[in-house]
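Residue numbers (my numbering), protein chains in the order written: chain A, 1 to 323; chain B, 1 to 323; chain C, 1 to 315; chain D, 1 to 315.
Don't take each hint at face value.
As the list claims (entries may be wrong) - Anything over 12 Å on all C-beta distances counts as not near chain A; from chain B, calculated:
hint: 1; residue: A39
hint: 2; residue: G43
hint: 3; residue: R49
hint: 4; residue: R120
hint: 5; residue: K141
hint: 6; residue: R285
hint: 7; residue: R303
hint: 8; residue: D310
What the hints assert, rightly or not - One side only, chain C facing chain A, incomplete, derived with CB under 7 Å:
hint: 9; residue: V29
hint: 10; residue: S84
hint: 11; residue: G169
hint: 12; residue: T173
hint: 13; residue: R268
hint: 14; residue: A272
No wet-lab data here; the hints were simulated from the structure. Note that the structure is a prediction, hence the values are computed from the model and not measured. The C-beta atom is built at its ideal place from N, Cα and C for all residues, glycine as well.
So the chains spell out like this:
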Amino acid sequence: MKLSYLKALNRALGDAMADDPAVFLLGEDIRVAASSLTAGLLGRFGPDRVLDTPLSEQAFTNFATGAALAGMRPVIEFQIPSLLFLVFEQIANQAHKFSLMTGGQCKVPVTYVVPGSGSRTGWAGQHSDHPYSLFAHVGVKTVVPATPADAYGLLVSAIRDDDPVVVFAPSGALGIRDDLDFGTLVPVPLGVGRVARPGSDVTVVALGHLVQDALSVADELSGVGISVEVFDPRTVYPLDVDGLTTSLARTRRLVVIDDSNRTSGFAAEVLAVAAERCEFDSPPRRVTRPDGAVLPFALALDRAVQPGRDHLVTAIHAVLEKS
Amino acid sequence: MKLSYLKALNRALGDAMADDPAVFLLGEDIRVAASSLTAGLLGRFGPDRVLDTPLSEQAFTNFATGAALAGMRPVIEFQIPSLLFLVFEQIANQAHKFSLMTGGQCKVPVTYVVPGSGSRTGWAGQHSDHPYSLFAHVGVKTVVPATPADAYGLLVSAIRDDDPVVVFAPSGALGIRDDLDFGTLVPVPLGVGRVARPGSDVTVVALGHLVQDALSVADELSGVGISVEVFDPRTVYPLDVDGLTTSLARTRRLVVIDDSNRTSGFAAEVLAVAAERCEFDSPPRRVTRPDGAVLPFALALDRAVQPGRDHLVTAIHAVLEKS
Amino acid sequence: MTRDLYRTVRLIRRFEERAIEFVRSGEIVGGIHPYIGQEAVAAGVCAALRPSDVITSTHRGHGHVLARGADPARLLAELMGRESGLNKGRGGSMHAADFGLGILGANAIVGAAGSIATGAAWAHRRQGRDTVAATFFGDGAMNEGMLLEAFNLAALWRVPVIFVCENNGYATTMPVASAVAGSITGRARAFGIPAFTVDGQDPEKVLAATASGVDRARAGKGPTFLECTTYRFDAHHTFEHRTRLTYRSTEEVSAGWSRDPVEIQGARVAAAERAAVDAEVEALLDAAAGSALGSAHPDPAAALEYLYASPEVMR
Amino acid sequence: MTRDLYRTVRLIRRFEERAIEFVRSGEIVGGIHPYIGQEAVAAGVCAALRPSDVITSTHRGHGHVLARGADPARLLAELMGRESGLNKGRGGSMHAADFGLGILGANAIVGAAGSIATGAAWAHRRQGRDTVAATFFGDGAMNEGMLLEAFNLAALWRVPVIFVCENNGYATTMPVASAVAGSITGRARAFGIPAFTVDGQDPEKVLAATASGVDRARAGKGPTFLECTTYRFDAHHTFEHRTRLTYRSTEEVSAGWSRDPVEIQGARVAAAERAAVDAEVEALLDAAAGSALGSAHPDPAAALEYLYASPEVMR
Ligand SMILES: Cc1ncc(C[n+]2csc(CCOP(=O)(O)OP(=O)(O)O)c2C)c(N)n1
Ligand SMILES: Cc1ncc(C[n+]2csc(CCOP(=O)(O)OP(=O)(O)O)c2C)c(N)n1
Ligand SMILES: [Mg+2]
Ligand SMILES: [Mg+2]
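When you get a sec, could you build the whole thing from the sequences and use the hints?
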């Protein structure tokens, strides 16, 4: 049975709601399921568990925190990634901090989902951000699934986790379909990466939709005798340091492809961890959005500032040559 | 003449306002100068140029953007660092993006100043953040001066710059006093670091109040024959990569001490740049706040999660031993 | 003025219809939020402004930009991501700006522009000019705290700004009654801002209401709030043409069409004159389409041009 | 009840006076925002609640926490950063919480807690309980968009929450008249929330007003808003004891003292009874001080304990 990434997220929500009456959804236009993430859930669970909110992101994010403090497990859908900027205080400074500040008196199990993060073709400057590194920096658990199975499994784990978790579903991944038996869908633990393709010459670390790109580059390069290992951390924070260093111990070469900005982004963290812990045969490389990137509207310009396969191939050749 | 860091910021504001009638200040309690940053400026420049705002951070941040679009150079004082979380959208998604999105039709020269960033003794979890790495990640020019002369010079440059600039004045630095001739106070260019102390065994990169700590550790270690170079980038973004790599080419060893969280923070970026461009005699180290750090109230706990001299000494010994 | 208002609503209508065609044909990538049905609001408000005034716009902004006098060819080129676009193809539909005409930009974040317009208007007054700002937003934006904060600043500081709420009944699929507790004008009045409900299908009524707000503003009496009741005849966004969302009935949409601003204003213009305007608009839009389609695509190598206004410190 | 209310205001007053001494002596690090002068608000509101209800508090929160019944010894220990503190010394003055008593925490971000309280109250109702939430905030918070957004959610969804605005005339140094356009109750009413102005120096009046709001809320009729007019007799924060800020005259402060809630309520209690209460309070606070001062400091090695509620996935 073919299952799309978006449908897998939808299934995860449905299963989580069926499993636990404390789970409920809130967000904009989720009753009619404008993004399709919540398709069918209003009919199945009723309006009490699928709340359409006014355009009041700050208040409804804190509202979810309050509901979580009272024992619920809210899941918020954010229509566009920059809404996370608007509620940054409410997530980083409120939801995240309650547990420690109260000396462990409470927990805030809220899940924030962005179905369609990163560039959405033609949505331009204010709708094309991919701010997962920001949440990793402040210490909020953050996942970016790459496959339908992981989309399902990580969203389920995020909802079950007792802390706030941000789930980025890159727009470039929503349409991915895999042949899957529904029975094989299981929770995927937070903080555990996977080797998406084993190889021996270089480790390419990739997240979300870029895992596909990394795999197809690996395919292509295998034709010219280059063996690329693709490591997909799946969780941005906490990073699977063991998985990463195990891979690097084998390949001793590293390229990270990352759809966030270069400076102090996810790729910077991977390079830093690797520099602290691993030995290399050549300097590692980052393939990222440029610093300060604002995505221009015109399609060719938008594409030009996104990390892509060509840049990845160039970077792989560079780390192999330098050795 | 002794000049304190806080007084240097105050002088920079006064000079910038005297130089350019387009400069005006807004913020909470700035007329009575609750933080002392704006002391004397109401009397000197009048209520038209020193605006006390209601507690409406989001609107007044956008208000400043609008005023900047109309030719002004607003300077906003934020009383506490977490207010930058509250206005993250307004800075990262509005002020920062206008220039590119409009195809260069406009500019947004707003300066955001936090007098007292980082831990302020006893202010606890929601008032003790040091979020400069977040602004660097999104590409907003960001400075963290370490000395009174740099506080003056970088704030003046920030105000004159045609882009939004965030100025973090760490609470641990506000009280620093230096013997300075006022005539020697000059603008300090953004993006240019300085060697705060030359040395040959290891480069310690430090920002803001931690430069003092680095210098005193360097002093202490010189007694045991270790020669520490202290490099102060002054600007977090854009980073002075040339200054950094020049220093590292000499010392071939690196420790970064950084008051932001470890994951994808400023120190991660320094290690990543270094890993891409430099050769090392030993793996570099980061001395940072722990990941996800929420500063506990109790003083000893607050101190325990901040990077300090002891941690720095340990890290320096580690990079020296490993060679 | 009667004729001018008709020309404006007609221009916007036909521009939008053609733009939707270009979305279908793929010349416009990413789709648009059509303004069809709401033309009277943009037309009436902008007719009350002077050339030196400023506006801010929304995700549903083509009408505002055209009513303010932007070149349709350059707006269309912007929607097509071309170098001759208003923003050199960098902004697209949701960010169209023309600073030469005082258009400080459409904004893709609901509720954000009100405080930007307030700041701009305040700055103009501080600089000794008598500029007024008009800032457009939807009924959905009434629930965004940052917009409510802007009302307070504008009222406290008597800023010459006209807050124009286009109440088209929905925020995407959310009916205004489920989203706005109390009333829209009541919210503005709570900040001490005079607030009026206006028939947003009639350009002349919108013009009259705006004109008195503008007079007040120019006289130093501070902001005015207008709730223009209107209706969106088409989709929230062209994506809705593919995914049918069920949030309003076809009967309701038909009822909306019964008060078409183009017809309401058109009925005030003599048939021959109306035909002449229609022909002129068509010719203008033909030329605009030709010009836009013929305009160069920007060079990807320049993708990050304009990222910083002071790029010299970047490395 | 008369006596109980007196005891509460007296307890808060004396707690604060002692806390200020501990700030001076250095036992409390970082200072506090004294509640002196505003005691009647906390006392009256909390007296109208049931044990199963919940509250949220502010940066100026000791009064709310004490009125809600928290152990003064544990609150004081919290202010001193001790292990026996309400939050095990992790929160301090601005984050004091006692979930066992439904105190969901003081919040250091002005305007943030209103929406948290609204969510909690909604959740309790969804879970079939008849909980009411009371959420405290200042006049300054009335200008925070996120609080205004919360009014809307509470009104739309008929959430059983009492919004308690303590209008003490200032946000730090900003007078309410320079900060709040329109009126405070008018703002709440604009969201369809019944809003009343109450004499916030009189605990019995506050209690009566709160009680009727609580009845409405429990009956499923949604939120109520109370503006309690009060006055802060002491500094915004103890840092002001060192840096004199000139934003109000000594005459004004003296006038404030003329309506001291401790005296207002004290006058209703017979002298002997009052003396007995005072003595009991003093003994309680003596014991609290002894207990807090004797409590262990938390172990720095456990600085990050409680950072995550599900730490097992961390590495
Ligand atoms: C702050 C914010 N929240 C959500 C969105 C997504 N969004 C775009 S338009 C829209 C509906 C806006 O409704 P309204 O203000 O009534 O304007 P209309 O679309 O009806 O013109 C939404 C939810 C956004 N762009 N910004
Ligand atoms: C969002 C936010 N802005 C600013 C501050 C800094 N601050 C703390 S208390 C305060 C004044 C609050 O005034 P009000 O709401 O009237 O409460 P009061 O202090 O009078 O009790 C300010 C500006 C803050 N903590 N949070
Ligand atoms: Mg609408
Ligand atoms: Mg107050």
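Cross-check of the supplied hints:
{"no.": "1", "hint": "A39", "verdict": "holds, 29 Å"}
{"no.": "2", "hint": "G43", "verdict": "holds, 34 Å"}
{"no.": "3", "hint": "R49", "verdict": "holds, 29 Å"}
{"no.": "4", "hint": "R120", "verdict": "holds, 15 Å"}
{"no.": "5", "hint": "K141", "verdict": "violated, 9 Å"}
{"no.": "6", "hint": "R285", "verdict": "violated, 7 Å"}
{"no.": "7", "hint": "R303", "verdict": "holds, 16 Å"}
{"no.": "8", "hint": "D310", "verdict": "holds, 19 Å"}
{"no.": "9", "hint": "V29", "verdict": "holds, 4 Å"}
{"no.": "10", "hint": "S84", "verdict": "violated, 12 Å"}
{"no.": "11", "hint": "G169", "verdict": "violated, 14 Å"}
{"no.": "12", "hint": "T173", "verdict": "holds, 5 Å"}
{"no.": "13", "hint": "R268", "verdict": "violated, 36 Å"}
{"no.": "14", "hint": "A272", "verdict": "violated, 41 Å"}
Against the hints set out earlier in the document, violations occur for numbers 5, 6, 10, 11, 13 and 14.
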